[in-house]
Amino acid sequence: MNPPFKNVRAPTVSSGENPPAKQKQRDARALRSYDLTMHVTLSIDELLHAAPWMDSLTDCQRGRVMAQAYETQHPARAFVARQGEAVHSWLGVADGLLKISAVSRGGKQIMFTGVPEGSWVGEGSVMKDEARRYDVIAVRSSRVIHIPMETFRWLLKESMGFCHFILRHLNERAGQCVAMAEVVRVSKPSARLAGGLCLLFNPVIYPRTVSLLNISQEEMGELVGLSRPSANAAVRQLEALRLVQAEYGMLRVLDFRGLQDHFYQGT
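Numbering (the working numbering), first residue to last: 925 to 1191.
It cannot be assumed that every hint is accurate.
Taking lysine to any residue pairs in the SDA-like style, the calculated list, with each CA pair at most 20 Å apart, reads [claimed, not checked]:
#  : residue 1 : residue 2
1  : K1023     : Q1189
2  : K1081     : S980
3  : K1112     : G1190
4  : K1081     : L981
5  : K1052     : F1036
6  : K1081     : M990
7  : K1081     : R986
8  : K1023     : F1125
9  : K1032     : E1047
10 : K1052     : A1010
11 : K1112     : Q1189
12 : K1023     : F1003
13 : K1112     : K1052
14 : K1081     : Q992
15 : K1112     : F1003
16 : K1023     : M1035
17 : K1052     : S1025
18 : K1023     : K1081
19 : K1032     : A1105
20 : K1052     : L1094
21 : K1052     : R1092
22 : K1081     : A993
23 : K1032     : F1003
These are calculated hints, taken from the structure and not from any lab test.
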């Protein structure tokens, strides 16, 4: 098996049950930011200003993005975009959690990746004049920012920095999908969950990820194709190994390298 974790980055937290005080403070600040977006107290302009690619734009370009961007809200299990539909916008997750999947001709669901808060997805589809090849589904209640196709394509022509960001993003996303395909083929539930957790630590496509993940064990299980009972049992096994710690609606990574090792041992 090719190594699926070559582009991931370990969170700055040591192994063991109790993370350092400074790490807890960083996690708390990140979660306060999440909590603000969950209560829709941040405007779309404020959320866009936090996007890493905005730094590459001129004031004029940023102004056009903010004038033309819009947002939608989706309940859990709702489709944000459907396979086979025309593509109209580039998608950013302001709050919530999305999953990218498709249904094969044989009727089998194929899981590509999860998209947590602060991440963007769908740039490849916006660049091509073809129907969307996958479903975008809200795992939990989610708030999504849309950059219209015309604006996105204009930025590609007008901003070299934005173009470089998109090329790197496309490359990382392609690698992520290949890695996820390897992860979901693993039969051992705890190893599969460990692999899925490691894939969330890619700083290019998941810039907000910290050691305390704003994701429940059931949601993490859904991202890697595990039932709720299997996901809960897998988390208990990882807790027993002191690799993760389940908190209310969240998962804390205690030993990132240990998670990688556990994944490889289960393959």
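Quick rundown of the hints versus the structure:
1. K1023 with Q1189: Since the Cα atoms of K1023 and Q1189 sit roughly 26 Å apart, the hinted pair is violated (cutoff 20 Å).
2. K1081 with S980: holds, 13 Å
3. K1112 with G1190: holds, 6 Å
4. K1081 with L981: Given pair K1081, L981 holds - Cα atoms ~12 Å apart, limit 20 Å.
5. K1052 with F1036: holds, 19 Å
6. K1081 with M990: holds, 18 Å
7. K1081 with R986: This hinted pair holds, its Cα atoms lying about 14 Å apart.
8. K1023 with F1125: holds, 16 Å
9. K1032 with E1047: violated, 25 Å
10. K1052 with A1010: Answer holds: K1052 to A1010 is near 10 Å, not above 20 Å.
11. K1112 with Q1189: Between K1112 and Q1189 the Cα gap is close to 10 Å, so the pair holds against 20 Å.
12. K1023 with F1003: OK: K1023 and F1003 at ~10 Å, within 20 Å.
13. K1112 with K1052: violated, 38 Å
14. K1081 with Q992: holds, 17 Å
15. K1112 with F1003: violated, 29 Å
16. K1023 with M1035: Holds, because 8 Å separates the two Cα atoms, which is no more than 20 Å.
17. K1052 with S1025: holds, 19 Å
18. K1023 with K1081: The hint is violated at about 29 Å.
19. K1032 with A1105: Holds: K1032 and A1105 sit about 14 Å apart, inside 20 Å.
20. K1052 with L1094: holds, 13 Å
21. K1052 with R1092: OK: K1052 and R1092 at ~17 Å, within 20 Å.
22. K1081 with A993: holds, 18 Å
23. K1032 with F1003: The hint holds at about 18 Å.
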